[in-house]
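One-letter residues, chain by chain:
There are 2 protein chains.
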Amino acid sequence: MKSYGDSNSGNCLKVKWVCDRLALPYSWIEIDTLKGGSRTPEFLKLNGWGQVPTVELDDGRTLAQSNAIIRYLARGSDLVPVDPYRAAQMDAWMFWEQNTHEPYVAVCRFHIVYLGKAVAELDPNLVKRGYAALDHLERHLAGTRFLVGEAFSLADVSLVAYTRVAHEGGLDLDRYPVIRRWIADVERVLGLPPAR
Amino acid sequence: MKSYGDSNSGNCLKVKWVCDRLALPYSWIEIDTLKGGSRTPEFLKLNGWGQVPTVELDDGRTLAQSNAIIRYLARGSDLVPVDPYRAAQMDAWMFWEQNTHEPYVAVCRFHIVYLGKAVAELDPNLVKRGYAALDHLERHLAGTRFLVGEAFSLADVSLVAYTRVAHEGGLDLDRYPVIRRWIADVERVLGLPPAR
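Heads up: the sequence lines are chains A and B, in that order.
The first sequence maps to residues 243 to 438 in the numbering used here.
The second sequence maps to residues 243 to 438 in the numbering used here.
Here chain A stands alone, though its shape is the one from the complex (with noise of 0.2 Å):
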């Protein structure tokens, strides 16, 4: 399988950490979307959408869009709860975070990152956003060691991946204690570095 990605975009660390974790063998293609890696027209006829990550697979079919990718990359493993009612919750946390966390807490570090802006340019709604994001997790989180439950999930890939570098996007991870310990479980499962 190769898997086309920017290694700096939680969205494709999403795939990498499956991958590795779940030992699928794949060839990484580091895209740069700064550059217009993703429109080239070669790319283009393996996402219309023109987005990474994508993965190819070895019979040449393509997939995108990073939460469909690893739900299906990990079907059957231990990180889908085989329970249908925990399953829709993991995909609850999952859209959740394509709607109203990864528009907000990745695009302020997006901004910073990738655009090179100061946090005081941000637009105040996105920052605003980004906080309340980070406040629901905060506050589901002391309840309950993984988003969903006592056991690791894709849900925590997914929210993780943005979350644990909102820092570089000027959101406070300091005022998150919560969000802090989850993190550093969730650093440990997937065999990850501390990120701050």
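No incorrect hints appear here.
Since the list gives no way to pick out one identical chain from another, each pair is judged satisfied if it fits inside one copy or across any two copies.
Here are the simulated SDA-like pairs of lysine to any residue, each with C-alpha atoms no more than 20 Å apart in a straight line:
1) Lys287 - Glu272
2) Lys258 - Ala437
3) Lys370 - Asn341
4) Lys287 - Ala374
5) Lys244 - Pro326
6) Lys287 - Asp274
7) Lys258 - Thr275
8) Lys287 - Gly391
9) Lys244 - Arg281
10) Lys370 - Pro345
11) Lys287 - Gly385
12) Lys258 - Tyr314
13) Lys370 - Gly292
14) Lys287 - Ile271
15) Lys287 - Tyr327
16) Lys370 - Val349
17) Lys370 - Arg281
18) Lys258 - Asp248
19) Lys277 - Ser249
20) Lys244 - Arg328
21) Lys244 - Ile271
22) Lys287 - Arg381
Bear in mind the hints are in silico, worked out from the structure with no lab data behind them.
None of the values given here were measured: they were computed from a predicted structure.
Since the structure of chain A is provided, determine the placement of chain B on it from the hints.
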């Protein structure tokens, strides 16, 4: 099962349509989100995100996030492809809906239908991105009957919800003959009267 929703919200209608299509019994509980109906202390006990749709199963357990709910309710039905790769393509469209379609196509409509703005008052960036999402759908659907090949799936339910009422948000569906053909096909499958 109790289904809490706003019957003018595409996200909520997804749940209703799937229940109706699969003949799942439910009672519909109308929530007026503009009047704060999803932020009351009682409602926040059902869904800590304070969002509709929310479903309450017969045993009292709850589920949130429209696409996660319909994925749960439709598991094992003909609305979810049996083939894992096709199911992953369905998931990809559903995640794309939440990160690249709904935040623009639905939000344009929200400003007009719920907040009473005029089309000319819409943020041009919202409108531009709404059209970009529709452009992508038009291109994709030119080569396929439904979003994931010839078989109707939850991807169609998810994407049609706000696409069929995009004109209520000031987006001109007359530009999109292929999308209009697909909307008509999906409305026929779901037994819905035409939205326009």
